[in-house]
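When you get a sec, could you build the whole thing from the sequences and use the hints?
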Amino acid sequence: MINLEHIFKWHNTGNNRVFLLKDINLHFDQGEFVSIMGPSGSGKTTLLNIIGMLDDASEGKYDFQGQNIYQIKDKQRSALYKENIGFVFQAYHLIDELTVYENIETPLLYQNIKSAERQAIVADILDRFNIVGKKNLFPSQLSGGQQQLVGIARAIVAKPKLLLADEPTGNLNSKQGQEIMELFQQLNKEDGVTIIQVTHSEKNAEYGQRIIELLDGRIEKK
Amino acid sequence: MLKNYFIITFRNIFRNKTFSFLNIFGLAVGIACASLIFLWVEDELNYNHYFPNRNNLYIVKDKQTYDGKTFVFDATPGPLAQAIKAETPGIKTTARISWANPLLFSLGDKTINENGLYVDSGFLTMFSVPFTKGNAANTFTQVHTVVISEKMAKKFFKSTDIIGKTLKIDNKQDYVVSGVFKDLPENVSIKFDWLISFKVFEEQNQWLTKWGSNGIITYAETEPNANVTAINKQLYNIVQRKNSESTIAKMLLYPFNRIRLYNSFDTSGTEKEGLIKNIRLFSLIAWIILIIACINFMNLATARSEKRAKEVGIRKVMGAAKQKLIFQFLSESILLSFISMLLAIAIISLALPAFNNLVHKNLSLQIFMPLHFGSLVVIALVCGILAGSYPAFYLSSFNPALVLKGTKLKTGSAAFIRKALVVTQFSASVILIICTVIIYQQIQYGKEKDLGFKKDRLITTYFNGDMRNHFSVIKTDLLNTGLIENIAQSWNTVLSQGSNSGDFTWEGKPVNKTVLITTEGVGPEYISTMNMKLKEGRDFYVDLKTDSTNIIINETLAKIIEKKEIVGSTITASNKKYTIIGVVNDFVSNNVYKPADPVILFGDALHTNVLSIRIKANADISKAIVAIEKVIKDNNPGYPFEYEFVDAEFGRFFRAETLIGKLAGVFAALAIIISCLGLFGLASFTAERRTKEIGIRKVLGATVTGITGLLSKDFLKPVLLSIVIAFPVSWWLMFNWLKDYQYKITIEWWVFALAGLLVLFIALITVSFQSVRAAIANPVKSLRTE
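Protein chains in written order, with this note's numbering: chain E, 1 to 222; chain H, 1 to 786.
No wet-lab data here; the hints were simulated from the structure. Mixed in with the good hints, there may be bad ones.
Stated by the list, open to error - In silico DMTMM-like pairs for lysine to aspartate or glutamate, Cα to Cα no more than 20 Å straight-line:
#1 Lys405/H / Asp55/E
#2 Lys744/H / Glu657/H
#3 Lys310/H / Glu190/E
To be verified - Counterexamples of contact, computed for chain E against chain H with all Cβ distances above 12 Å:
#4 Asn25
#5 Thr46
#6 Asn188
From the three backbone atoms N, C-alpha and C, an ideal C-beta is built for every residue, glycine too.
Take a look at the structure:
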């Protein structure tokens with residue numbers, strides 16, 4: 001599904017070139033659940049952003065479903081992104097001014113899905129995540145775990161094939177973290193969603209089928 | 001989708017109540033203010049548009065040059081109208097018109113003074129007098145007929161269906177109502193509630209047959225394509241052709257269209273700008289206020305939008321395309337600006353009565369007029385689009401990964417623009433404040449000028465009916481009340497002496513020099529009643545008979561005549577010799593801002609119109625008025641008692657200046673309020689953006705005062721800069737404004753210092769309110785949220 005070849009990412013500060021990623025070669029198959037680990041500053045988030053098309057590599061080749069995304073048009077690329085990728089963040093990043101329901105609905109708005117259909121999809125998700133009772137609350141009225149649940153619901157509402165999670169349990173306690181991980185596992189097994197997560201926690205990383213370890217922008221261990 | 005944006009917009013409004021209020025209210029006030037001025041400007045620009053023929057109408061002006069100085073008058077000789085029509089090709093109609101004057105109308109017990117004109121019948125078609133009863137052709141077929149306005153008809157008859165009914169004029173002659181016309185609007189230069197055939201006026205005034213007496217107004221209507229330059233060429237010497245004695249009066253057509261906004265002439269007789277200058281000035285002010293308000297709106301909207309960078313990032317991650325984000329921000333700010341527009345309409349409706357009072361008009365916001373509605377919508381749209389475009393285009397171009405990571409956005413250029421906008425706003429405020437103060441100083445200067453007579457406790461009333469013949473009885477009765485110091489009679493009120501002549505000569509006067517001298521007729525004890533001072537000689541005797549060829553002159557004329565023994569020397573006019581018996585001090589007779597004109601006072605109690613009454617210094621004014629009314633009504637029954645304080649008449653001299661001063665003051669206040677609203681919003685945002693920095697500084701040991709200073713300094717710098725910019729601009733503006741006045745104040749430095757300090761002080765309070773709040777916040781809290 002995803003193929004990264006000789007991916008480099010750098011910043012120029014003054015005369016120095018600071019490398020964030022060096023020569024990354026990775027392959028992910030449809031339906032995998034992969035954890036990326038590594039100490040702070042090792043380039044985990046950068047790698048995830050590049051996979052998620054939020055950021056571009058400075059050099060290298062990135063194939064997504066067989067298309068070289070640095071060569072296709074912007075329009076095609078955003079279409080590819082919209083249809084296939086969902087994001088979950090450590091800080092949840094819900095829109096404060098919108099209710100739970102509206103937050104989850106937003107990605108569907110951008111996909112131009114009709115109102116009736118939207119209602120059905122969102123109702124479905126709310127039901128599945130057991131948050132129907134909270135649909136009219138604002139993010140600030142929820143606990144961290146609940147917010148992250150909404151974050152995940154929002155990420156998968158448009159049925160993406162790839163779910164990218166940047167330390168999804170980083171702001172949660174261990175019990176909440178475990179629940180989120182179990183949810184990921186369930187999404188992976190039952191819905192066939194490909195999941196790539198960045199994490200600090202050994203325990204959470206174990207939920208993945210394989211672990212990639214980064215150090216100073218290089219892959220240490222696959 | 002749109003619904004989603006509306007929801008976000010409204011929630012944002014309610015979440016940031018203060019902020020939204022500042023934003024919406026600021027723009028609304030700006031729009032309201034500018035709209036009020038534009039309503040006024042519109043009214044002025046539409047002046048006289050009521051008359052459909054206005055493009056072909058001309059007033060005949062009379063240009064006279066004395067001693068190199070040219071004066072332009074409206075007064076023309078009586079035979080002029082007929083002569084022009086008879087011998088000038090291109091002229092369609094002419095009409096003679098008397099000066100607007102009040103006449104006493106009565107019906108039964110009801111007696112009311114009404115203003116109107118004696119006109120030739122040509123006037124009715126020239127000015128398309130809108131008859132609702134009767135018609136122009138049959139109006140003046142008989143001599144003693146009158147046409148009146150609907151307003152006047154209702155006053156007397158409570159109906160307009162009154163053709164054939166009679167009204168008594170001046171308690172003497174019955175006039176038959178031959179027509180009723182629609183009331184004129186406020187914004188016309190010719191106002192009248194009654195019209196009577198000019199023939200009546202002609203019978204009463206024999207001098208109308210002479211070419212040498214300029215005493216009435218002449219209007220002309222040209223053929224649509226007439227060559228006015230050619231007509232004027234032919235007109236120029238018409239008086240000289242008809243009357244070889246007259247050398248000075250030159251006639252010319254002056255467009256009726258320019259009467260309201262220009263109609264002002266310099267000493268070479270060329271037209272200069274009149275009221276149009278104020279119109280331009282205020283249009284400029286309106287635009288400035290509107291722009292300030294829009295700038296504010298944009299500033300606040302963009303400042304806030306930075307807070308929403310995160311939302312933009314999230315939306316992008318969720319698949320929002322750039323165009324959708326642009327659309328979202330634009331629709332949001334347009335929605336806000338339309339809310340402001342609605343609020344503005346409410347403000348306009350509330351403020352209109354007060355504004356009307358201020359500008360002495362009767363304006364109304366006709367919101368459904370396409371121009372008004374369209375302008376409001378355009379203003380709202382433009383503000384909305386400008387304010388929304390920065391966040392729309394700038395924020396939507398961010399890389400979401402960076403935004404969500406919490407990287408501080410580079411806002412260098414935006415911050416610069418924002419500061420430039422603050423500078424613009426405050427410059428405008430400072431300029432308006434300085435102008436307000438200087439205009440008020442100039443008005444005050446005029447008001448405090450030594451008038452040469454005492455205007456307090458002095459009232460004037462016009463002679464009605466037989467009053468003049470009973471003058472001595474009235475005088476005795478008034479003095480007997482014990483409340484009156486003295487009374488005197490004269491042709492005009494002291495502040496409206498308008499008659500003048502260049503026909504006077506005296507021994508030693510250069511042959512080629514003509515001096516235009518103001519002439520006025522006064523009864524005995526006029527000088528003492530006015531509290532004027534005799535510099536030399538004596539006043540007229542109480543029995544004027546012995547003084548019929550004696551005159552009193554003012555100091556200015558005495559200086560022009562330049563004689564050692566001025567009292568006893570003579571002045572000649574049309575073969576009549578007058579002996580100077582006294583010299584009175586210079587006094588203001590019609591313009592406060594000019595040096596005194598030369599004046600001759602004749603001893604004349606036969607042609608006087610005005611009674612001046614001085615109330616005793618210790619008398620109660622309202623009691624005195626009651627007493628005066630009783631005396632006058634007893635001696636002259638059947639006429640209403642109408643009077644005016646000379647003080648009030650004097651106040652009218654300053655109407656234009658006072659209006660400008662008041663408006664400038666109001667708008668200065670508004671400009672500073674709007675600017676401060678903006679500054680307040682910006683300060684609160686900076687404080688918010690710098691929360692982390694402030695927290696760190698406090699942890700490192702910074703004091704509250706130190707931090708307040710740090711935050712405030714940033715904002716005071718642009719304010720200081722704007723003060724520096726405003727000084728030369730306002731000096732230049734006021735220097736030019738004052739140029740029109742011969743008597744004027746000098747612009748003083750302390751006005752500038754005062755305005756600068758005032759604005760700085762207000763800005764400091766505005767900013768430090770936010771700064772202090774940010775500085776005293778607990779650093780633990782602010783650092784934790786980062």
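Comparing the hints with the structure gives:
1. Lys405/H / Asp55/E: holds, 12 Å
2. Lys744/H / Glu657/H: Status holds; Cα separation ~13 Å.
3. Lys310/H / Glu190/E: Roughly 33 Å between the alpha carbons, so the hint for lysine 310/H and glutamate 190/E is violated.
4. Asn25: Per Cβ check, asparagine 25/E is outside 12 Å of chain H; nearest 22 Å; holds.
5. Thr46: violated, 9 Å
6. Asn188: holds, 21 Å
In the structure shown, a violation is registered for the earlier hints numbered 3 and 5, in ascending order.
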